[in-house]
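Engineer: Could you put together the complete structure from these sequences and hints?
Chains as they are written, first to last, in UniProt numbering: chain A, 1 to 232; chain B, 1 to 232; chain C, 1 to 232; chain D, 1 to 232.
Just so you know, these hints were derived from the structure itself, not from any lab.
Hints should not be assumed to be uniformly reliable.
Claimed, not checked - Label-pair restraints from in silico Cβ distances: (1) C:Lys221 to D:Arg69: 16 to 26 Å; (2) A:Lys36 to C:Glu47: 28 to 38 Å; (3) D:Asn64 to C:Gly229: 17 to 27 Å; (4) D:Asp109 to A:Glu225: 50 to 60 Å.
All C-beta atoms, glycine included, are put in the ideal place defined by N, C-alpha and C.
There are 4 protein chains.
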Amino acid sequence: MLEELKKEVYEANMLLLQYDLVTFTWGNVSGIDREKGLFVIKPSGVEYGQLAPSDMTVVDLEGNRIEGRYRPSSDTATHAALYRRFPEIGGVAHTHSVWATSWAQAGRDIPCYGTTHADYIYGEVPCVRELTPKEIDEDYEKNTGLLIADEFSLRNIGYLATPAVLCRNHGPFTWGKNAGEAVYHAAVLEKVAKMAALCEWINPGNDPASQNLQDKHYYRKHGEEAYYGQRE
Amino acid sequence: MLEELKKEVYEANMLLLQYDLVTFTWGNVSGIDREKGLFVIKPSGVEYGQLAPSDMTVVDLEGNRIEGRYRPSSDTATHAALYRRFPEIGGVAHTHSVWATSWAQAGRDIPCYGTTHADYIYGEVPCVRELTPKEIDEDYEKNTGLLIADEFSLRNIGYLATPAVLCRNHGPFTWGKNAGEAVYHAAVLEKVAKMAALCEWINPGNDPASQNLQDKHYYRKHGEEAYYGQRE
Amino acid sequence: MLEELKKEVYEANMLLLQYDLVTFTWGNVSGIDREKGLFVIKPSGVEYGQLAPSDMTVVDLEGNRIEGRYRPSSDTATHAALYRRFPEIGGVAHTHSVWATSWAQAGRDIPCYGTTHADYIYGEVPCVRELTPKEIDEDYEKNTGLLIADEFSLRNIGYLATPAVLCRNHGPFTWGKNAGEAVYHAAVLEKVAKMAALCEWINPGNDPASQNLQDKHYYRKHGEEAYYGQRE
Amino acid sequence: MLEELKKEVYEANMLLLQYDLVTFTWGNVSGIDREKGLFVIKPSGVEYGQLAPSDMTVVDLEGNRIEGRYRPSSDTATHAALYRRFPEIGGVAHTHSVWATSWAQAGRDIPCYGTTHADYIYGEVPCVRELTPKEIDEDYEKNTGLLIADEFSLRNIGYLATPAVLCRNHGPFTWGKNAGEAVYHAAVLEKVAKMAALCEWINPGNDPASQNLQDKHYYRKHGEEAYYGQRE
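Structural biologist: See below:
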């Protein structure tokens, strides 16, 4: 069942290791088959070195296990909520990568200080508010996903142009057109988070990059007039 | 004598290297056989590359060498005191890992700023006071262990839920159900120590995570209602 | 066509990886054949692991593709402008290396705090002003190169003695007598950028190295009276 | 000539790479044969990957080349001065390692904040004053060595107990009973320098470790009453 997607999700999970984004089992990646309405996700608490593609778990959009011998990631309900609310994404990644998590713990949006950021993420990376005690007690992981989607609506942020978010006191979620791109964005975010912190410490009171420069870099890589890469 | 335990302790010591927690010989791990009242520990000042399981030293709960051609770690009396005072632990690790040691040198408890911390360590990581000149002169290593245990009593901290401590101007000790888990906690602590410092620098005056969130994450991994991992 | 130069440029691009100066495809190196008035540059957005020397693109000094199946780097017009305005350079490198980029995002020149800097870069590393909206809209990459050259003229900085620049909110460009030396300077700059930040944080209000010491180190490595290395 | 010593010095130079203390050719190690009054040092500006033991250069205590096809390190006169003034040392190492160099650029002594420092270096690591223009112009490298030795005399620091120094705006020199120990101390210093900076940033206004604790750790590793390691 969904063997191709399992392989893709497995490989995306292994990329987390290659990009140095996870310690132990602290990360998970999923990918969705939109036609079937099912997604594939890493099992909970199993070490990366012991995983095979066939160990990936298949769940439905409510997060129920449909197939697989392992329980899915404890963050499955967050992934499910994101798939329901962000209909054009194909993959989701969650890590505790050092710099992005430090910004999440600090409770701050990451300003766009340069083109590395603007090339992949439009505008600041939002940090959502803390969950209420009720939201934590009743359905923590699901509410995490809903809060992210609500925050994007509230702030009028496009989820395709800004494929990253920080969960307060927790860590980052990123997404993309598939599992691999979600991980790619996790790696971009980690680098951007590190450089944003360093540049603030080098020049306290530093301003974000101008909107003109942000637009220039974002749109030379994205959209109909993009000219980065091999698209001709 | 205790060959299985020696192998386990040897492997846990080698994990210190793999997790990048030691420089040269600056770390040691032990594991205990509670029935026999003996524990196994790394020899003092021998390089990791030259060690074999059979080189591990067996000592009693007063820290006396019972078997082994090498003198045990110079910190043996600290391990012994921890085993006497914390009856449910099965392994102890000591390192000079960079970030945890920097907090120890700074003399500060590590606040719980996020879920990476709360997943494994309940509440802040305590930093014990400096030893008095008398405590240093008379039985330094033993007094280090006693001070840790006294501090946990005094502050009413549960040693199973908070398996880590910072010794002022020295470095961290961690423990667990066995030698391997003690090292795992040393790796968690190092990551947590790094992210706590970074998040304070990103947002000076930052508050710890809410008690609700800390409880949620700790108890989704620990205790009867845990649902992280493959426990069903 | 220009097979030797393609090989040299390919190898210089791969050095970016070896020196840990690039993430994904975020960097590019070129080398020029001054007699033919053509230069060779990495293609745009192709992963390093998939490149071969024959994939390098040949362009003229206006940045037009002359040969090669791939479109050249999106920063080609910047390289071209630098080759036109700095007639004695033979190679150019651009990266988003973490520390140099953080200084660029911070919008500050890197002061010369020590001999590591003075050995290779004479005086501070200039950070050029932000481009105007018009400069960004009309010919962004070309204007980036022109701005660099204008800044060097304006400040009366010799481009051979100071082979590095920071583009505001973007990242560093470096150059040298050939592609390999351009990359070497990119690695020097990254180290220098890191140590300059650290030393400011260790001692806020720290002064640059004395001009005497800067001159001593620069001239023991460069010019007729140099005595570093194997030149006799 | 001095083949054993050349091998030892070669291997010590290669340890600089293994311990991640050098970039490119920015470091050099020497070892002395006190009976012959000759020392062996790395050649100037030759890459580590191209060196063999037979490439090491033999010089006398004035720094004159006695044997070897390469010119000796440009810092040879500093090594020579240290050997003349510190008669019990057997090896000297110089690096531009990131954290120690950043303290040197910051112009500050490194306070002893913990036992990692106290285990190997007694008291603070001194940072010597800047050389005068005259000292720079007339015999820069020799004067660097003389200034170090003068500073140790002036401050009444024992060079055996404190085997490390920072040269203002330049970088560290370390020494030991032989070339290998000099490099070992360079690695200790780098770790100590990093943790001293981090602990100051975690707790601005932090005090050094108590003299009692410093003495305890230094003397449990050094001198007649040492009990660290396998000495019985």
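Engineer: May I ask you to test the hint 16 to 26 Å on the CB atoms belonging to C:Lys221 and D:Arg69?
Structural biologist: holds (21 Å)
Engineer: Verify the CB-CB distance for A:Lys36 and C:Glu47 against the hinted window 28 to 38 Å.
Structural biologist: holds (31 Å)
Engineer: Go ahead and decide if the range 50 to 60 Å is satisfied by the Cβ distance of D:Asp109 to A:Glu225.
Structural biologist: At roughly 57 Å between Cβ atoms, A:Glu225 and D:Asp109 fall inside 50 to 60 Å, so the hint holds.
Engineer: Assuming the hint says 17 to 27 Å, is it satisfied by the Cβ distance from D:Asn64 to C:Gly229 or not?
Structural biologist: Since the Cβ atoms of D:Asn64 and C:Gly229 sit about 18 Å apart, the hinted range of 17 to 27 Å holds.
Of the hints listed earlier, there is not a single one the structure fails to meet.
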